[in-house]
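Given chain A's structure and the hints, the job is docking chain B onto it.
There are 2 protein chains.
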Amino acid sequence: MPRTPEANQRIREAQRAKILESARSVFARKGMEATITDIAAEAQISLGLAYRYFADKEAIFSELVKQTVPDDSAGFQKLVEMPGTPGERLATLISSIVGARGQREPLEAHQLLHHALNANAMPEEIRELLGKRYQMLLATMRQLIVEGQATGEVAPGDPDQLVAVMSACLDGLTRWALRDPEQFRTYVPDAQIVLRLFQPLTDEKKASEQS
Amino acid sequence: MPRTPEANQRIREAQRAKILESARSVFARKGMEATITDIAAEAQISLGLAYRYFADKEAIFSELVKQTVPDDSAGFQKLVEMPGTPGERLATLISSIVGARGQREPLEAHQLLHHALNANAMPEEIRELLGKRYQMLLATMRQLIVEGQATGEVAPGDPDQLVAVMSACLDGLTRWALRDPEQFRTYVPDAQIVLRLFQPLTDEKKASEQS
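Residue numbers (the working numbering), protein chains in the order written: chain A, 1 to 211; chain B, 212 to 422.
Next up, chain A with everything else stripped away, as it sits in the complex (with noise of 0.2 Å):
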């Protein structure tokens, strides 16, 4: 009996996911070195198969940073219009990134965005598509920082530099994770400790500091 269409539709899919999901591994191993070749290894398919679905490696790697990196503007939408105070959103926002550097899949995935960064491996569409994410975040954590300035939360100060210092830590914090995953889920959890960054003065200190 022959295979209906939707059953021919759906062995498509599955197969388009094995690639994508062997590429994933191919690439985090092998960085932008990976060939499709390797890819086709890995899923256990020809190569010709695997040219079945991606017209090249490239075309494989955008699909995968487009999985990786989702359109997350609802996300921060949701979060600017959250309950709480402004100074809890914006823990809830750090939070948020510093655990994330501290699990294993959200690691790889930017392991991988970290490969193509290095390797001017970027293809442009991708580019924007990460550029436009990360200026999302540094809008969202401003707005956050302006609403916490007003309720006494955060310090107060040019809420671009605050912006610019906390988005230079978590740079930081995300270059360790990608060196040395081990240590860094040791001493993860404490994202206490960052958000310290925008934390007010202490009266006592405040006093000795104008004196």
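Heads up, some of the hints might be wrong.
[Said to hold, decoys possible] Facing chain B, according to a computed beta carbon distance under 10 Å, are these residues of chain A, among others:
no. : residue
1   : Q161
2   : L162
3   : A164
4   : L173
5   : E182
6   : T186
7   : Y187
8   : R196
9   : F198
Derived from the structure by calculation, the hints contain no laboratory data. None of these values were measured; they are calculated from a predicted model. A virtual CB, placed ideally from N, CA and C, is assigned to each residue, including glycine.
Frame of chain A, contents of chain B only:
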């Protein structure tokens, strides 16, 4: 009149210094792809003359790194023994690191190291020197943190964790300074923000976290 041996010595030293200075700007511009030919051209001397002072590019590079990363053990020791509270000495240490990133000269030196590390072109001897110096910095920081926790100036918690988070943040700041020195300089003066990573909670906040 023939030149005296002293005069010859002076000329040789000036020549050597000129080669090193030229090499510094060539390495800063071209990274580890710079050749000894580039360096000779920059110094406006012949290639043959350059080779009379240095066996190869690596020898020039090693010398530059040694100049850049002085043996600072005495400096760290002095800092630990400085008058003032541990919190104040910690502030001096962190401010001097953050401040240095905003200055052109130490930044160029850092750029040099960064190039070499990325290109895996760091001679073993220099790699060890850098590793030692970095460990000494971390040990100094750790000691001041422990002392600062005893005086209540530094937030309680695992000192190794505090050292790790601070050094990740400093790493992120350094990368930012290397990527965009102009933007960094606009923001740099505020080491106070970075120092908040060590700041104890306000009494108010402490109370709300315990509730």
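Hints, verified against the model:
{"no.": "1", "hint": "Q161", "result": "holds, 5 Å"}
{"no.": "2", "hint": "L162", "result": "holds, 7 Å"}
{"no.": "3", "hint": "A164", "result": "holds, 5 Å"}
{"no.": "4", "hint": "L173", "result": "holds, 5 Å"}
{"no.": "5", "hint": "E182", "result": "violated, 13 Å"}
{"no.": "6", "hint": "T186", "result": "holds, 9 Å"}
{"no.": "7", "hint": "Y187", "result": "holds, 5 Å"}
{"no.": "8", "hint": "R196", "result": "holds, 5 Å"}
{"no.": "9", "hint": "F198", "result": "holds, 8 Å"}
Violation of the numbered hints given earlier is confined to hint 5; every other hint is satisfied by the structure.
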